[in-house]
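From first to last, the protein sequence lines are chains U and F.
Residue numbering for the first sequence follows the numbering used here, starting at 1 and increasing by one per position.
Residue numbering for the second sequence follows the numbering used here, starting at 1001 and increasing by one per position.
Check the hints yourself; a few may be wrong.
[As the list claims (entries may be wrong)] Between beta-carbon pairs, the in silico distance windows are:
no., chain 1, residue 1, chain 2, residue 2, range
1, U, G41, F, G1027, 22 to 30 Å
2, F, N1030, U, G54, 29 to 37 Å
3, F, Q1002, U, Y39, 15 to 23 Å
4, U, S20, F, I1053, 42 to 50 Å
5, F, T1111, U, E3, 27 to 35 Å
6, U, G41, F, S1057, 23 to 31 Å
7, F, Q1062, U, Y39, 25 to 33 Å
[Stated by the list, open to error] Which residues of chain F face chain U? A partial, calculated answer using Cβ under 8 Å:
no., residue
8, N1032
9, L1046
10, T1099
11, L1102
12, F1104
Bear in mind the hints are in silico, worked out from the structure with no lab data behind them.
It should be emphasised that the depicted structure is a prediction, and the values quoted were computed from it without experimental measurement.
Glycine included, C-beta positions come from ideal geometry on N, C-alpha and C.
Next come the chains, spelled out residue by residue.
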Amino acid sequence: QKEVEQNSGPLSVPEGAIASLNCTYSDRVSQSFFWYRQYSGKSPELIMSIYSNGDKEDGRFTAQLNKASQYVSLLIRDSQPSDSATYLCAVNPNSGGYQKVTFGIGTKLQVIP
Amino acid sequence: SQTIHQWPATLVQPVGSPLSLECTVEGTSNPNLYWYRQAAGRGLQLLFYSVGIGQISSEVPQNLSASRPQDRQFILSSKKLLLSDSGFYLCAWTWTGATGELFFGEGSRLTVL
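Extracted from the complex, chain F is given alone in its bound form:
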């Protein structure tokens, strides 16, 4: 069966510090991968998606970036965090050709102080 893991689960970072969140999927090949952010009182916002290694599409302009160095690995990064980057970050996957069902990791809660 397929599983998705992301880490760290919780982190508190000062403004201006770097960020790296990692996500891996097991039990499937060539998944579509996504990073969403859920800010307090707001819906899920799609940040990045990837349909293959090295292929990244950004949905919103921001100081975040994403990379997919391996088929089942997706990384979210920032060089300098802003207060507005605080939120619940969710990695998700689905299989190519699916109709939109998403399977989420456990989430990473980021607080920027």
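Pulled out of the complex, with its shape left as it was, chain U reads as follows:
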């Protein structure tokens, strides 16, 4: 069973702090990695994708990938109350064609004003 593991939280951080969300995956051949944000009662929204080892920055968000350790993380700088949501880590073992994306359970983030 190919799995994606996340701590369900909640992770509470004060406004303005850095939120660090972590994810591990079991399938070594995984090629593509994603972070989705899901507000309560809403559908997931893609916020970051990363394909190679290292860091990828987009505004206040930084995704980090370490394939040797099978580890993906998401850093949110200057956290805002509007960042309060559940963050889903997702992994795709394929490089193209049909995408069998596997999701983690999600980490609930609470940003305290």
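Assemble the complex: chain U is given as a structure, and chain F must be docked to it using the hints.
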């Protein structure tokens, strides 16, 4: 631009009743289409995917079925609902050859009583 819609948004059904959820995508051709279910406290579970008209693959054995009668239409059905079918059903699409980015519809929340 591409959009995805699914309906109904909310429904309450008795055990043993039939189910039909519909999803349509606009602004693209030959998308890959997916049905996911998100049960309370659990991650997104892939139910069905389709790479073309009439082509359906099932990921888990269950009393649900899916059909793709048109290129941009995906339908999830059941002849007799079970209590365990309750959950948040999400339709998603991506383009052929993409690396795994998924774009979700608004979701359909099903409660089976």
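Would you list, in rising numerical order, the hints stated earlier that this structure does not obey? none
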